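Trainee: Single-letter residue listing:
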Amino acid sequence: MLLITCPYCGPRCESEFSNGGEAHIERPKDPASLTDAEWAEFVFLRDNPKGLVLERWNHAQGCRRWFNVARDSVTYEILAVYPMGSPPPALEPRRYV
Amino acid sequence: MSGRMRLPHGGQVDHNKPLNFTFNGKSYRGLTGDSLAAALLANGVHLVGRSFKYHRPRGIVTAGPEEPNALVQVGEDPRSDPNIKATQLELVEGLSAASQNAWPSVEFDVGAINSTAARLIPAGFYYKTFMWPASAWKTYEHFIRRAAGLGTSPSQRDPDRYDKTYAHCDVLVVGAGPAGLAAALAAGRAGARVVLVEQDHLLGGALLSASEELIDGNPALDWVRAAETELRQMPGVRILTRTIAYGAFDHGFFGLMENVTDHLEEAPEHLPRHRLWKLRTKQTVFCSGSIERPLVFADNDRPGVMTASAVQSYVNRYAVKPGKRAVVFTNNDSGYGAALDMVAAGIEVAAVVDARPMATGPLSERAEAAGLRILPDRVIVGTEGRKRVSKVRVADLNAEGDGVVGAVEEIACDLVANSGGWNPTVHLFCQSKGKLRWDETHACFVPDQAMQASQRSAGAANGSFGLASCLGEGAEAGAAAAADTGFDAGAPVAAEAEDRDFLPGRWLWLVPSDKPLGKKAKHFVDQQNDVTAADLKLALREGYISIEHVKRYTTTGMATDQGKLGNVNAIGIVADAFGRPLPEVGVTTFRPPFTPVSFGIFAGRDVDDLLDPIRRTPMHAWHERNGALFEDVGQWRRPWYYPQYGEDMHGAVNREVKAVRESLGVLDASTLGKIDIQGPDAAEFLNRVYTNAWLKLDVGRCRYGLMLGEDGMVMDDGVTTRLGEQHFLMTTTTGNAAPVLAHLEDYLQTEWPDLKVYLTSVTEQFATITLSGPNARRLMAEISDAELSPNALPHMGFTAARVAGVPARIFRISFTGELSYEINVPASFGMAVWQTVMTAGERYGITPYGTESMHVLRAEKGYIIVGQETDGSVNPLDLDMGWIVSKTKDFIGKRSLTREDMLKPDRKQLVGILTKDPEEVLPEGAQLVEQVLKEPPMPMLGHVTSSYHSPNCGRSIAMALVKGGLAKKGETLFAPLEGGKVVPCVVADSPVFFDPDGERMRG
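Which chain is which? The protein sequence lines are A and B, in order. Everything in the first sequence is counted per the numbering used here, starting at 1 for the first residue and increasing by one. Everything in the second sequence is counted per the numbering used here, starting at 1 for the first residue and increasing by one.
Note that these hints are calculated values from the structure, not bench results. Fair warning: this is a prediction, and the values are worked out from it, not measured in the lab. For glycine and all other residues, C-beta sits at the position ideal for the given N, C-alpha and C. There may be inaccurate statements among the hints.
Unchecked claim - Here are the in silico distance ranges between beta carbons for each label pair:
hint : chain 1 : residue 1 : chain 2 : residue 2 : range
1    : B       : V762      : A       : Q61       : 17 to 25 Å
2    : B       : E647      : A       : L34       : 53 to 61 Å
3    : A       : E41       : B       : L629      : 44 to 52 Å
4    : A       : Y82       : B       : K889      : 30 to 38 Å
5    : B       : L271      : A       : R27       : 48 to 56 Å
6    : B       : D698      : A       : Q61       : 32 to 40 Å
7    : A       : E41       : B       : K969      : 33 to 41 Å
So here's chain B without its partners, still in its complex pose (with noise of 0.2 Å):
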């Protein structure tokens, strides 16, 4: 047996392959084709959670994916997903469930006292209660976070793989129920390259939970079953199932999200387990279907009240008996439905509870004809069941539909089936800025203009209800996408059915209670979020005009169900409640995604090592087994520095510095930004990038450059080498290699294509090996055959020449301040050259340097570094570099450098810091402050950009952006630290506290 409610045959389950399953710590059994909620419901399990704010019970209220209730817990840590729809989760033997949101159980909730505390929590009452005082924050969370439960994380990462892939359609057709059959079928016939997506695992749609439909005079599955057959044999057709179009982007452009492995018993070792499906397509039809309306009745939230389509679906498609004794609650005709289903299951049907005046259409005709209890121009007015609904009460309805009249009725039931109307799907219409037109017929949004012309709506999604509409206007709508994508399809032919919708309607947003509203009993719009009809209409009396406003507030349709439910009803009442028209009240904006998504389709196989690409320069090698520890420069790895055996970072640095003072360091400086610039016009640019004058630049010599934006902030700095009469070389710092080289392209293409300069990055085409010491030289005269003499090749000098027997250029430029040379080699020569110069400079002690030290020794000499010493608000007279500034060229950003706020005195200025205890190091990012005041805040100055232990200056050195601090030498300021720590420095004369003339860097 597959549970006590199920039906002994029929439906679109095995009987035959029961599967096992736990929920809440209980096993079960269910049937292969089942969904959770179906095997729950046959084995008579309604209640499956509790309410968000009251902890109220809850029960399985739809069959797909408008769920507010029934979100469960699926699979043991690290394999569980909160907030599963158990509606949409296809049983799969072995399966473990839990419900959520209710502690210590479901059948006993502490929390439930909520529940007799309701009066205290109206709308808005976070926002109300939580607010102040601000510090209490951290404390409220904790309570509202436990109190709210949606769900626990995995506690370790996430063992599945996913994957990401892109497809290409002339056609997309969403949802294969008959409308998306049509389609898919009237595009592939004309040869149109069709991709179909369904979210379920079959297709058909509502066809599948229907009893009697008939199409072309046989059996509507029959004709679904044909049409698939049809499909699958045709080569230019995909069919994504148990696939969801969470997103309608722009130009055609879909997010897909393929279950792939998640119904499987045992998950293939190949196969991701969810896939996103980038998907750009040229023509779209929605046929996405329409999701049931229910009614907003006092109580209306008890276990065992559902949508009279979810029932006509468990019966139905599922064979289960979500009931034994049911009341059907309904205001138009397709209530009935569930009432003829059911009497023919084998339900009692005690009562249909009908707000209209007369039970007229075709379906409360036949129910009628059949002899049931039918109570028209009557409403139920509250409930009654702790944990399961035990019977209605009914009474009737006044003729103005806002109050009820005359004697309560009581009817014992444990189901209560109800239907307000339907509201086309038209979420993927309104995310692609679709415009929504009021069917005042059929009360409900329905498609108007379509923003993206490419997109078509067909059948219930297009508010065409009948089952003959949606065949016929779904092969019109294929036939006419592929016609648009030059495919013939000739005229559709549409297959034949009845075409009944829904009406006549009573359209009821509220439905009146015998007590007054908010009082004794609860009318819920959106269960998932717990908001009543009371909580919209406080909303409305403390102001709140605009439906957007209002949502946020009340946090109607703002759970993960995203109001499919609820969120018309909601907007029904505020127009009822403001006397405006529905339209006029609008709708809440449609934002993807349509269901929840994993997160791991968007990592897809983007993780670990593939999150980011890994450059390394041609030594990497050489560094990793010398033990180099690297940092992370943009995608760089550059060696940090080279710890030998027991030093600590402080002690590697100290060693390297002196080093490279003392008498020779090695640098790998291949990450470098390279842009080789070539044309007649080369010199001419580069003057009009630059800050300083380039025309006059000799061949074989080396320029230290400024560049800023034209907002006059620094942007990148870097030395330039003219090669040759019209060849340079730009350097720029390693992050803004890419970034450097677009704004030289922007400029060169849009602004002077009158230009002949010629860029291309050359960054990764030499290896970068930096010799820096008083012994530069000596060992460059061992390993090369460049004139070195310093007149031959002063500072700032560059030369070709063969170093270790390899060609290669050789620029005379120190960012240290000592005898430099940077050795440029093609790059599968770098590491051979490296090994070479370290062999070589052995006698010197040569020591490999990395980033750390180099930055100790730039700080010595005042360098700066761009993106820490300046941020894109610092201009070059903010680093007191006026002397880089042409006054009589035109550059990109000087104007700028005299605007008004440029020229401000209390503008932040970059000083040089020294604390007044030379061992005390300033953390970077310290505040700097005049005065220390008792407690903050107090006035702030700037704050330290650098700061280092100095071992060549034998004590602390420090560089920060002080507000007015070329004004402020010799003046005392102070660094409050954490803790209450109070640092005092003086603003130094300069900030170069090594070899302030640069005799070392020139000899």
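The shape of chain A in the complex, shown without the other chains (with noise of 0.2 Å):
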């Protein structure tokens, strides 16, 4: 259960938010332009590294708003939390083996 800073409400337990995948994933500005393979990178294709992930987050049971969260997901240590639309943090890539 991970204790999550709402930019907005402050720490709140995970159970209050859901989790929106893979963060600073654009939608197309020309999906028609794009071909199949390419729209199914953004459509289905996800990362899923052992590390530094860059997610979504929405207070879903609170604020309702959405920010980003930087987290490492084997500690599950959460990095950093910065709003939508901001470049993320510069922050040391984890390695594990």
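Assembling the complex is the task here: the two chains are given apart, and the hints tell you how they should meet.
Mentor: The following block contains the structure:
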């Protein structure tokens, strides 16, 4: 059960949030110009790294706002919380064997 | 007397407060402070159960949560719990307990025939034998369950109440032994908020079972009492006894189960039986101690064979003699503690069998000085005795430790206290993904790197076994934890004590016998699951390499004790067999719970009506008064149909749907999701989320929209109305209101934050009354001041007016195909307006109809229901709804519609289905085939999604998703039903079975 700091409400239990998957995947500006494979990459394919992940969270049972979280997928440590539309903060990549 | 094996005084029991209890129907007496196991031993009862697979007689092995055998059924139905460990169950007046896994009785057990057939039950027996043929599994399962018999469930619902609560603290200390008390004191003195959790009802941990430990020069328990007193006086410290920290989760989240009333003869009404604590802590100190490892020797499972520390517990803590004449078998110094304590209690110690070449170490030397008979370099090679050990056979160990030499000596005894070393209790540390390190000297896994920086281990749980180390590490860890949360603890003050551990040791994973392994004797590794060393070796011979696979194949460590006694021995045996270092074999994954917890705590009070919120519309009471039956739609309770006297569902629905087509029906549609959408970019936003065009929708007009996911699949549908230039009201299906709002918010906040649009859920702010039928306009004219002419309020038009004197929004939209008005009024006026409608509508025979009739009416019109005609794999083209998909603009999911897979001609497509026999109503979900073969499998084309008898069409109607269905119009398909019946049917030209031109609703 993660403890997530909503940038608008403060630290809250994971059960108040819903996860929106990988962050920084922008919807293509002109979907019609994409090949099937390129479109499928956008709709279906996501990375699943061991280590640093950037993901979207929504404070669904609270303020309903979306924001980004930088998290270590091994330790589950939350490394940063930052608003939608902001670039990810500079973070050391985490390496695990 | 509280048992013939009771010592006259001493221990942590009250000799003046006897308690009565029964075990297997027989009455006994114990003492206040006893565990059930202690009370049984005090009465000379060792035999408490039969083993899982072989039904061998089994006795009490331990005095704690690691107990594999003494699992009992406690209490009487319905207050009856299976799988309770007698070693942890506090004795209470009137307690009744019974053995499990024995039939007809523990003394005479029919299943013991398995014992003589043991050769036939090797590792993986179940996998090998019961796999084929699959059809026979039902037969096998019956016998397996019967033969396995891990207790019985109560036959009625649990009459007790359970509770959940939340707590927060700075420092959580798990375990109240010397290390835990020292940690709690250090953190508490610094001012931190501390929660100290102890599974026992007394604080002190291993000190409760020790004989002569001193702290600061005084008896250790004096120090424990002083520590408890000090802690209880600290306002920021909470001590939870009888509480098990069963699970460690992320970010300092812990699950604790508190046993609140099981130890009370009469439970007060206001208290729950068990309580779940959801604890969030900033820092954690694991002081969970260690568990003694038994030795794996031949026939080590006879009643009377116990761990040495358990013997010490029973003698010192419970004032019980577990036997009269004991043999101690050890490979380290700590076993001698049991020997010395037994001598002091008047138990004869026939011999100390020591696998080590020399009896060295502080306790060994004391035992030697006391004149005990010590047999170094020797091992037990076998035991005898049917329901109780009667003798052990002892021989010389060879230099390699893998065989015995010389003559075998027999020693008579009724108790064997054995010690194979100690394992730190690292479960919670490992559940938190902490990494272990193999401590070669102490031969055990100890905590290495914690995954959560806020976690520390101290004392025996950290592989520091001496009392002084426990006190020192505890104080240090408690102070450091407090400091990390901002409390200055100063330099920790450690209490003084002796610091001996159990070294030196000679580590043996498998004690050799004079007989070949697995022949005529069994070396049990996991007593609860009846796994032997021979089973492990068989698994390796059969090619299993990973310890995780060996575990699952042999089931070692998979019983309710989760391998607390046996796992490290199993790993050692596997490592030796492979000739690999033990740490290379590694440990299996530690998962919650540490010990079993009751289901009740997870339910808490969220049962019956509190399980899930129930949502009722403002008109609910009217529906109830008028005999409606209800249907659950999500959390909503919707009227299903309104049977009149003597009517069944079929009769009621027929009457309701006819009334709508012939005169006037009324539906409570308040549950439809309603989202208020405002802002200068509202139209642009709708244009992006719906498949059709929205920019040019006039104010005061409604439009049906289809919403897709980015994968192109239909997600929701509904009518949205333009209330003003920058103001829309969207309706969603009842069950989808929340997901649709979340979907819209997601795009608005993350993809198009530049759009100025604001979304508000207003579902519960409005009551919705739908009037439908040829007389709808007449009634509306009587109760509202709206301009109702077809020009002023056409089909798909909106107007704001008063209805029954209440400000209302009137939408002329239809889900029945009849002339319809949806009236939205503020929720608080819902009931009043509904009643006015009903009274005024009497002259038209106004008929309330429920969801079932609504479904029939819309199916007559071929209207889909999202979630019934669609299942997340259906796109608009599959529904033959290409007419609503814009070719010119982009929208969510559009690009997916031209993906290769979406264009395949054999996709399942929605079609109307008419049975050849008009009276035959297909069951929903029926499979459709082109050709009926003699027996399955036959290629399935699709399935029926909706099917009803339609009184207005005078026959049955259905819709189905059929592969390539749009090209099959006019073809005959078959629905093979259960029991061999086959229903022939035809793919209809159109799923619109009634008023295909829509004249009625446009009128």
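Trainee: Confirm or reject each hint.
Mentor: How the hints compare with the structure:
no.: 1; hint: B:V762 with A:Q61: 17 to 25 Å; result: holds, 19 Å
no.: 2; hint: B:E647 with A:L34: 53 to 61 Å; result: holds, 57 Å
no.: 3; hint: A:E41 with B:L629: 44 to 52 Å; result: holds, 50 Å
no.: 4; hint: A:Y82 with B:K889: 30 to 38 Å; result: holds, 33 Å
no.: 5; hint: B:L271 with A:R27: 48 to 56 Å; result: holds, 55 Å
no.: 6; hint: B:D698 with A:Q61: 32 to 40 Å; result: holds, 38 Å
no.: 7; hint: A:E41 with B:K969: 33 to 41 Å; result: holds, 38 Å
Checked against the numbered hints given earlier, the structure satisfies every one of them.
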